[in-house]
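As they're listed, the protein sequences go chains A and B.
Numbering (the numbering used here) for the first sequence: 1 to 136.
Numbering (the numbering used here) for the second sequence: 137 to 272.
No lab work stands behind these hints: they were computed from the structure.
On a predicted model such as this, the values are computed, not experimentally measured, just so you know.
Treat each hint with caution, since some may be false.
Unchecked claim - Pairwise CB distance ranges (calculated): (1) Gln236/B to Met106/A: 33 to 43 Å; (2) Pro131/A to Asp173/B: 14 to 24 Å; (3) Gln219/B to Asp32/A: 21 to 31 Å; (4) Pro240/B to Pro131/A: 38 to 48 Å; (5) Asp201/B to Pro120/A: 15 to 25 Å; (6) Gln219/B to Thr42/A: 14 to 24 Å; (7) Asp168/B to Ser69/A: 34 to 44 Å; (8) Gly180/B to Asp32/A: 19 to 29 Å; (9) Gln236/B to Thr89/A: 37 to 47 Å; (10) Ala21/A to Asp172/B: 38 to 48 Å; (11) Thr154/B to Glu30/A: 34 to 44 Å; (12) Pro131/A to Glu194/B: 19 to 29 Å; (13) His29/A to Gly180/B: 17 to 27 Å.
Unchecked claim - Computed from the model, here is a short list of chain B residues facing chain A with C-beta under 10 Å: (14) Ile184; (15) Arg193; (16) Glu195; (17) Pro198; (18) Ala207; (19) Val211; (20) Leu213; (21) Gly258.
Ideal placement from N, C-alpha and C gives every residue a C-beta, glycine not left out.
Number of protein chains: 2
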Amino acid sequence: MLPQRLNFVTLGARSVRTLRAFYRSWGWHENDGGSDDYASFTAGSVAIALYPIDRLREEAAPSSDLPPSGAWNGVTLAMNFAQRSDVDTAVDEAVSVGAQLVAPPMDREWGGYSGYVADPEGHRWELAWAPGFDPD
Amino acid sequence: MLPQRLNFVTLGARSVRTLRAFYRSWGWHENDGGSDDYASFTAGSVAIALYPIDRLREEAAPSSDLPPSGAWNGVTLAMNFAQRSDVDTAVDEAVSVGAQLVAPPMDREWGGYSGYVADPEGHRWELAWAPGFDPD
Numbered sequence: 001m002l003p004q005r006l007n008f009v010t011l012g013a014r015s016v017r018t019l020r021a022f023y024r025s026w027g028w029h030e031n032d033g034g035s036d037d038y039a040s041f042t043a044g045s046v047a048i049a050l051y052p053i054d055r056l057r058e059e060a061a062p063s064s065d066l067p068p069s070g071a072w073n074g075v076t077l078a079m080n081f082a083q084r085s086d087v088d089t090a091v092d093e094a095v096s097v098g099a100q101l102v103a104p105p106m107d108r109e110w111g112g113y114s115g116y117v118a119d120p121e122g123h124r125w126e127l128a129w130a131p132g133f134d135p136d
Numbered sequence: 137m138l139p140q141r142l143n144f145v146t147l148g149a150r151s152v153r154t155l156r157a158f159y160r161s162w163g164w165h166e167n168d169g170g171s172d173d174y175a176s177f178t179a180g181s182v183a184i185a186l187y188p189i190d191r192l193r194e195e196a197a198p199s200s201d202l203p204p205s206g207a208w209n210g211v212t213l214a215m216n217f218a219q220r221s222d223v224d225t226a227v228d229e230a231v232s233v234g235a236q237l238v239a240p241p242m243d244r245e246w247g248g249y250s251g252y253v254a255d256p257e258g259h260r261w262e263l264a265w266a267p268g269f270d271p272d
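Put together the whole structure using the sequences plus the hints.
In structure tokens form, the structure reads like this:
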């Protein structure tokens with residue numbers, strides 16, 4: 001039995017500097033203890049961390065190649081909003097500070113409404129409203 | 137400004153069935169509302185969700201190829217423990233139910249102690265102890 005717990009999501013970064021600046025541009029407050037090679041941002045019970053991808057590979061995938069630069073990694077992160085209209089606002093805001101628009105907000109099969117943006121290294125964020133789900 | 141918030145980490149799954157069984161084997165309790173194509177597990181303020189990778193791609197990376205099967209995706213998830221010795225126990229437990237051992241627990245440059253395992257589709261989990269960090 002392992003605890004049902006997630007403390008960190010670490011994004012291997014080609015450039016910690018670029019990604020740090022990007023997430024700061026979202027208005028995010030960086031945790032103390034960062035360095036040129038490390039940044040973390042607390043989001044609820046989890047911290048989103050940035051760490052050089054070659055050093056992360058040494059730890060997490062020592063016999064593997066680096067994933068291709070800029071390609072989608074098969075994972076999405078989602079930020080939910082209380083109101084459907086908040087999604088439009090959030091996508092506009094994200095794009096205005098340099099996020100790549102991947103998919104404009106649209107109705108989704110599962111009953112919600114969401115759009116996708118990517119950070120400068122292609123990590124996907126779904127900005128979403130789901131009926132009956134209060135993210136706060 | 138975007139809220140500093142993470143509600144879902146969705147892992148694109150080649151087989152939702154396999155990954156669901158794997159995380160259940162960790163003793164995790166699945167949220168209601170799952171289906172053959174969807175499972176989610178709440179961990180603190182975040183839910184870890186499983187969704188077919190081809191369908192996730194249609195939403196999140198419509199013009200991209202699927203990432204290569206089984207390759208490291210450049211991301212790690214971490215589960216922290218209160219005691220250093222808990223890491224050894226957790227890695228043993230994870231491996232005993234079918235996790236792939238990627239790196240045995242060892243002292244880390246940053247002052248902690250951790251090992252890495254992978255789920256059946258290669259998603260990395262760092263099982264870690266960090267001095268002074270209480271994960272509960």
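- Task: State, for the Cβ atoms of Pro240/B and Pro131/A, whether the hinted interval 38 to 48 Å holds or is violated.
- Result: holds, 45 Å
- Query: Given Glu195/B was flagged as interface, is its beta-carbon under 10 Å from a beta-carbon of chain A?
  - Reply: With Cβ-Cβ at 6 Å, under 10 Å, it holds.
- Message: Does the closest beta carbon of chain A sit nearer than 10 Å to the beta carbon of Arg193/B?
- Response: Since chain A brings a Cβ to about 7 Å from Arg193/B, closer than 10 Å, the hint holds.
- Does Pro198/B meet its interface restraint, that is, does its C-beta lie within less than 10 Å of any C-beta in chain A? Cβ of Pro198/B sits 6 Å from chain A, so the hint holds.
- Could one say that the CB atoms of Gly180/B and Asp32/A fall in the range 19 to 29 Å? holds, 21 Å
- Could you tell me whether the CB distance from Gln219/B to Asp32/A stays inside 21 to 31 Å? Check passed, 24 Å falls within 21 to 31 Å.
- For the pair Ala21/A and Asp172/B, does the Cβ-Cβ distance stay inside 38 to 48 Å? holds, 42 Å
- Indicate whether the distance between the beta carbons of Asp201/B and Pro120/A respects the range 15 to 25 Å. holds, 20 Å
- Satisfaction of the hinted span 14 to 24 Å by the C-beta atoms belonging to Pro131/A and Asp173/B: holds, 19 Å
- Message: Restraint: Leu213/B near chain A, CB-CB cut 10 Å. Satisfied or not?
- Response: holds, 6 Å
- So, Val211/B near chain A? Judge it on the closest CB pair being under 10 Å. Nearest chain A Cβ about 6 Å off; hint holds.
- For the pair Asp168/B and Ser69/A, does the Cβ-Cβ distance stay inside 34 to 44 Å? Since the Cβ atoms of Asp168/B and Ser69/A sit about 39 Å apart, the hinted range of 34 to 44 Å holds.
Violated hints for the displayed structure: none, as all numbered hints are satisfied.
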